[in-house]
Structures are given as structure tokens and as C-alpha cells.
Amino acid sequence: EPEVTQTPSHQVTQMGQEVILRCVPISNHLYFYWYRQILGQKVEFLVSFYNNEISEKSEIFDDQFSVERPDGSNFTLKIRSTKLEDSAMYFCASSPRGRDQPQHFGDGTRLSIL
Amino acid sequence: SQQGEEDPQALSIQEGENATMNCSYKTSINNLQWYRQNSGRGLVHLILIRSNEREKHSGRLRVTLDTSKKSSSLLITASRAADTASYFCFMREAGSYQLTFGKGTKLSVIP
Numbered sequence: 009e010p011e012v013t014q015t016p017s018h019q020v021t022q023m024g025q026e027v028i029l030r031c032v033p034i035s036n037h038l039y040f041y042w043y044r045q046i047l048g049q050k051v052e053f054l055v056s057f058y059n060n061e062i063s064e065k066s067e068i069f070d071d072q073f074s075v076e077r078p079d080g081s082n083f084t085l086k087i088r089s090t091k092l093e094d095s096a097m098y099f100c101a102s103s104p105r106g107r108d109q110p111q112h113f114g115d116g117t118r119l120s121i122l
Numbered sequence: 028s029q030q031g032e033e034d035p036q037a038l039s040i041q042e043g044e045n046a047t048m049n050c051s052y053k054t055s056i057n058n059l060q061w062y063r064q065n066s067g068r069g070l071v072h073l074i075l076i077r078s079n080e081r082e083k084h085s086g087r088l089r090v091t092l093d094t095s096k097k098s099s100s101l102l103i104t105a106s107r108a109a110d111t112a113s114y115f116c117f118m119r120e121a122g123s124y125q126l127t128f129g130k131g132t133k134l135s136v137i138p
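Going down the list, the protein sequences come from chains A and C.
Under the working numbering, the letters of the first sequence match residues 9 to 122, in that order.
Under the working numbering, the letters of the second sequence match residues 28 to 138, in that order.
Bound-form chain A, shown alone:
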């Protein structure tokens, strides 16, 4: 069964550095998402992406964050000038159609900011 893959599984970065988290969504899916989960807290929506542009974003998704689909398969989340509070699990998800459809999640990237 096709699945969403995320790399790396664990990223350790110095505070202030830029980090890029990578995701390969399921190939025939059209909607892509990023979420984060701070340790011990609930999963929070960051951004959704459709037709090569951001369709929705949460208050968390400020100018520090950006997303890109650089080619036909990858979907990336870039965090500029990382802060300690950016430490979290970051999940990518995709769905075949709209945002009210079931989403398929990757196993996440654990981001640790030192």
C-alpha cells in the first residue's frame, strides 16, 4: 500500500539555523499538509497546500515557515532561524481530494533544536 515518507526521521539543529524537512506524499494525492506535535501535546495544524500554493495556514505558520513542492514528488517544510520552541515532531500528510477527506500521515520527523 502506498505511504507517505518523511526524511530525516530525526534532525538535530543549532538554534538560529535553518532546517528543511522533507516529505514524499502519495503520488496521486492532491492535498498536502504539515502538522506539528510538541512532546506531550496535541497535534497542531500548520499548513495545507493545493495546486502549488498554500490553501490554508494556522496562526503558528508565521514568516519563519515556508513550504514548497520543488518537483513532482517532494513536499518540503522550511523553518528559518529555528528557536528552541520549534522542537517537536513534524508530520506530513496527504489526501486524494479535499480537506474533508481522510489523510494519510508519514511517521514524522523529530526536530531537536539545541
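FYI, nobody ran anything at the bench for these hints, they're computed from the structure.
Errors might be hidden in some of the hints.
Straight-line alpha carbon distances no greater than 20 Å define the calculated PhoX-like cross-link-like pairs of lysine-lysine that follow [claimed, not checked]:
1. C:LYS130 - C:LYS97
2. C:LYS130 - C:LYS53
3. C:LYS96 - C:LYS83
4. A:LYS50 - C:LYS133
5. A:LYS50 - C:LYS130
6. C:LYS96 - C:LYS53
7. C:LYS97 - C:LYS83
8. A:LYS65 - A:LYS50
9. A:LYS50 - C:LYS53
With chain A held as given, fit chain C onto it using these hints.
Chain C in isolation, oriented as in the chain A frame:
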């Protein structure tokens, strides 16, 4: 309450027993979904119930939705040790693009 509050926060049962988790929400929704998360893994979609549905079944799962009370419940019957995981409700507010997960119920099924 917050959009997407679940109770209990943690639930421990014996294998074979039923497990019930509840989710309450604040505003009108289009549909409500339940996801499961094993420790250290991504979320797996379990079931979706639309706002015009009251009950839905999938295998050992039964989901109810009461839009008048703004609440949903997930029942897992005849639980197994492999059901040990965290369970989250997930919703989108009607007329909004904001997607919200509940805080989750951590279920432990003891063999």
C-alpha cells in the same frame, strides 16, 4: 471547552473489554474523523462520520455523533493488546479552513 477536547485523557482496560472515548467540540463541523497514533509513529485514519450521520461502524469500531451536544464517541469492542495507542478526534469547523485535532485519549489494553 476547546475545539476538540477528549476524555478520558487516559484509559486502561483488560483485553476483551470495550473502550469508549469521547470528543467534544465547540463550533459546527462538516465531519468528524478519528485517528489512531501508535507511540512514535504517524497517525492512522480510522473512521469518518459526516455531520448528517448519527452512527457509523467499521469492524470493531463504532462512532456516534451528536451534533446537538457537539460530541462524538468512539467505541472499540472486544479490545486487544494491539489496540494500545492514542486516539484523536479531528475536525474542520464549518465555514472555516482550520483543522483541529483533539488532545487525545491514551488507551492501554492489558493482555
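Evaluated hints:
1. C:LYS130 - C:LYS97: 16 Å, holds
2. C:LYS130 - C:LYS53: 14 Å, holds
3. C:LYS96 - C:LYS83: 17 Å, holds
4. A:LYS50 - C:LYS133: 12 Å, holds
5. A:LYS50 - C:LYS130: 5 Å, holds
6. C:LYS96 - C:LYS53: 9 Å, holds
7. C:LYS97 - C:LYS83: This hinted pair holds, its Cα atoms lying about 16 Å apart.
8. A:LYS65 - A:LYS50: Holds. LYS65 (chain A) to LYS50 (chain A) sits at ~17 Å (cutoff 20 Å).
9. A:LYS50 - C:LYS53: 17 Å, holds
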